[in-house]
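Take these sequences, add in the hints, and give me the full structure.
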Amino acid sequence: MSQSSSFINYAHDNKQASYRVRISIIIVLCIYVVSVIINSTLQTQTLQYWFICMVSCVCIGVQYYLPIVGSWTLIVLWMAKAIFIIDSPYFLFFPVLFSVIVLVSIDYCYGVCAAIISCLSHVLDLFGNGNDNYDLVYVLPVIMLYVCAFCIGLVLSYSAQREYLAKQVSVMRERHRVARDIHDQILGSITNIQLLINEDYLVESNIGIARNVVNDAVEKARAFVIDLETNYNNDIQDVKSDIHADVIEFMQDKYQLLRNIGIDGEYAITQNFPVGVNATFRSLLFGLIQESYNNIAKYADPRYGYIVTVETKNNNVVLHVTDVIHTLAERDEHDDKNVHSGLERYRRLLSDYGGSLTVSVDGRYWRMSAVIPTM
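Residue 172 in numbering that gives the first Met the number 0 sits at position 173 of the sequence shown, with consecutive numbering throughout.
To be clear, the hints were calculated from the coordinates, so they are not data collected in a lab. Source: prediction; values computed, not measured. In this text, a Cβ means the ideal position worked out from N, Cα and C, and glycines have one as well. Do not rely on the hints blindly, as some may be mistaken.
Pairwise CB distance ranges, derived in the manner of DEER restraints [as the list claims (entries may be wrong)]: (1) K166 x G304: 41 to 51 angstroms; (2) T45 x I82: 28 to 38 angstroms; (3) I26 x N314: 44 to 54 angstroms; (4) R258 x G362: 41 to 51 angstroms.
Structural data, given as structure tokens:
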């Protein structure tokens, strides 16, 4: 496992993990200091003993900022105590066990080496103090201690990895949402402006409408900037406003926009609309309506009009669009550019959301049906 996703290093990017690390270090340090103090009250200690105490306490503090250095220093002290029979606190094994946990959470190889070295040093220390009885009764508890420390390190490592991956998924979802909103609203507004200033239909009244569309696009862009700066994720928010009234107003605006460029048609909206839908549903519905009207403006034959309907059916909102393409060549262009780009993107989004999108072509008649679950 990479060091960037370890329990210690992940703490620098996560307040909750950082809090857990600080608490863990404080607890280990307190246990160690209290144990040393109690032990020193029972018998007089040497200068060497207090020097090792001071160094080991510093190493525990260093573990947060330099976990590898602090942990290995403690293990080296523990190994030196066993090999050279240095006068040092026996309770040093508490922070040594913690060091094994830290190193396992950083890298499995570090953890294995640290556990083996510490365990062997511990066993050597046991039998280096005049204990000639090499009974498993003395060895097994030591081995179990370090095995438990290794397992705790693995658990912390996997936990940190899950949190890291969950954070990455959240970032990806937020990026997709912002990209979807930019496509649906900013690019939709730009498309509307292009249609309004088309030289074949350019009239004075359209200039004023285009100006309003530009202003609206600017406001939306500012809203997206604020959205990104505040890291706000509206995918988890419920929309309490009257979405039925919003859909009516939105479709009326699109209907009027197409009329201004010479394309007349019909639209119908069901009355029994869902209440309290989530923001993802709202974004999908309004985005599909925007995409549908953009496609009509680009490819529909104005002589035959179009029909757009929004209805509720079995806990779903269904969007139907029917129009007539100018020519067979434009029908193919319509299919290629939208089913494999804009609408294909919505097909993937709806599939992830539990809905569906189908497109059919019958001669010059082009039909689309999108199903968006409300629950």
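Comparing the hints with the structure gives:
The hinted window of 41 to 51 angstroms between K166 and G304 holds, with their beta carbons roughly 49 angstroms apart. With their beta carbons about 18 angstroms apart, T45 and I82 fall outside the hinted range of 28 to 38 angstroms. The supplied range of 44 to 54 angstroms is met by I26 and N314, whose beta-carbon atoms lie about 51 angstroms from each other. The hinted window of 41 to 51 angstroms between R258 and G362 is violated, with their beta carbons roughly 26 angstroms apart.
Figure legend: structure checked against the earlier numbered hints; hints not met, in rising order: 2 and 4.
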